[in-house]
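Novice: Given next are the chains, with one letter for each unit.
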Amino acid sequence: MIKTLSSLGIGEKGTIVRIEGGRGLVKRLADLGFIPEQEVEVVRVAPRGPLAVKVRGTVYALGRGIAEKIYVNII
Amino acid sequence: MLTLSEKSSVINREITIALAGNPNAGKSVVFNQITGGNQIIGNWPGKTVERTEGWINYRGKRLRIVDLPGIYSLSTYTEEELIAREFILSGTPDVIINIIDASLLERSLFFTLQLLELEKPMVIAVNQLDIAEAKGLKTDVNTISKLLNIPAVGIIATKGKGLNNLLTTSIEQAEKKEELKPPAYGSEIEKSIQSIVDSLKGLYPEYPSRWLAIKLIEDDKEIKKLPFPEEVLERVKTLKDELEKTHGEPVEVIISSERYALASRIARSSQYYVKTRMPLSQRLDTVFLHPFFGYITMGIILFIAFGGLFEIGGYLSGLLEGLFSYLEPVIMSLPFSKVINELLWNGVLGGLISGITIALPYILPFYIFLAFLENSGYLARIAFLTDTLMHKLGLHGKGTIPIIMGYGCNVPAILGTRILESRRERLIASFLATLIPCSARTVIILGLVGVFMGPWWALIIYIIDLIVIYAVGYIMNRYSPGETPSLIMEVPDIRVPVLKPTLRQAWFRIKEFLTIALPYMIAGSFVLEIIKIANWFGPINRVLSPVIVKWLGLPSITGITLIFGILRKELTLILLATFSNTTNFSLILNPRQMFIFSLFTTLYIPCLATIIALKRELGNKDAILLTLGEVLLAVGLVGILNQILIHFIG
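Heads up: the sequence lines are chains A and B, in that order. Just so it is clear: in the first sequence, position 72 is 72 by my numbering, and no numbers are missing. Just add 1000 to wherever you are in the second sequence, counting from 1, and you've got my numbering.
Because the hints were derived from the structure by calculation, they are not lab data. Cβ atoms here follow ideal geometry from the backbone N, Cα and C, with glycine treated the same way. Don't take every hint at face value.
Which residues of chain A face chain B? A partial, calculated answer using Cβ under 7 angstroms [unchecked claim]:
1. Gly21
2. Gly22
3. Asp31
4. Arg44
5. Ala46
6. Arg48
7. Ala52
8. Arg56
9. Thr58
10. Val59
11. Ala61
12. Ile66
Using the sequences and the hints, build the whole thing.
Specialist: What follows is the structure in structure tokens.
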């Protein structure tokens, strides 16, 4: 099932399907390890706020706006 | 005396080592362990990015160690990335030490692969082996070395382990001077790269041609600025289109994916996982990042810290002032005329002394605390927790950091807005930072309202100030064009910070105060003394009296103190005491006036040094606009509050 990363709850995992955004954003996220087929896990969620997302062992805080642009296939 | 040839051989023997790595990989710790105290901190030419260099004599060699900014990638996304890349490409370093975090091997190696593309002599320092082990990760350093085909040394920098081995290996590599061959990516990409390399025909020999080809494919901002023959650009375009068609991804993502695929292959072959219990950092995060308890914890930490810091500050500055007061009779008895002695004491030393009595007791401990928060990883948690709130002000969570910095001194806070991505954010954050009561303003609030009305009234001023900041941010966000970018920020593991790099960071901030603010404080005191001697106080007070007396309800004498407060905010209080010949302010101000006076000095204008900082960061026009805006805001808002207070309490 494909959903946006922002709709995942704490502890939920998914693999990235696509990222909808400008080239700058997509490239910057790719540099941090957010690339298609990569597994990501939501570690913490601030209500109506950012998500703490774990990718390749590192936790990143992603603003909700960005998490809404990342589509994942829920595992 | 050395002959010229001997001199040059001494210079020749100096080996430049550049430290490169991700943020939080432990670069600063390695740097400090290697160089000891022998280091200089400055800025990269023309930039506000910190540059640290150190020298040591090691086994008969002179080593120069340059600590590059911590970055995730060598694209030109940020100023730090550009600085690191230019420094390495300039050919200055004889060898690069790439410090990688064993507990985050895959991500670290992603950066390593980009460094290798630059084809310079390099050694890998696999750091934080102990932290990796605590996470259940066993690392085989030799496999990393074998797969990347360059030397790798395991180290635990915080304990000083493996550093001798690292230095000897690095010197060996530097002296071999052999260009290394970067590992190959997937065959399809390599074919495209090779095809561009062929078309380049040795163009721009100062850059490795394979790297240049990759950057052309990646559409790199800086490389695109260079002129290339039409056929090269055409070939790049055809290849890019082909790649994008087969992969269905933008070409930058394809290249990043290639690097990550290789990084992850190396990480998997050189590391294995043993199950352990959840590391302490993660357990702490269940509280620190909790949607309810996270905020409670943050409130408690900041409240206790701020309260404690200013308590200590007050005590220490009292001690210092006592110490300096012994100097006054010495200066006054100098064999010059009374006017000159007074000019020396009040005009020259006065500014210096009050700078020191603010900087040492208040600002320094504050920035040590802040550096501690930053290096422990807690500041990133604050940014996470405040992101939602800050979005209402047109900032994201990182915007909280310069605003907190403002409580020490507004100058480093404004320079600190550089961590924000867009000019719009920097503009908003700078304006909000100037409204934060810095140490000097805290001295006024605590010394006047705190002492004569009680600490709770002082707290009310802080709360009113926060409300004003919220309102101003809200309005700026609402009415200035543009959008707030979303937060992207690493949340590093919570850890105990290492002392020396933490102190170094605090020193870097306080240096901004000393070099930018202090000269204006001294110059300001000098001008003030001249005006005092010329006796211009009366006329100035009369001109200001409609605003000061009628609108703000303050005694006319405060007019001149507010003028000089522009130079140094705490001067308002010092001058008030001087002019009224008493430090018992309850004799000259009633409680309403104390409250209004403190609030007004907090808000009415950024001090001169802050205006200079605004000018440097935002340019003349915006610096003037923000300053005028602040004056109008304070006169309007505090005046209305005064009229209300008069109406109710008289």
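Novice: Against which earlier hints does the structure fall short, listed by number upward?
Specialist: Result: hints 1, 2 break, sorted rising.
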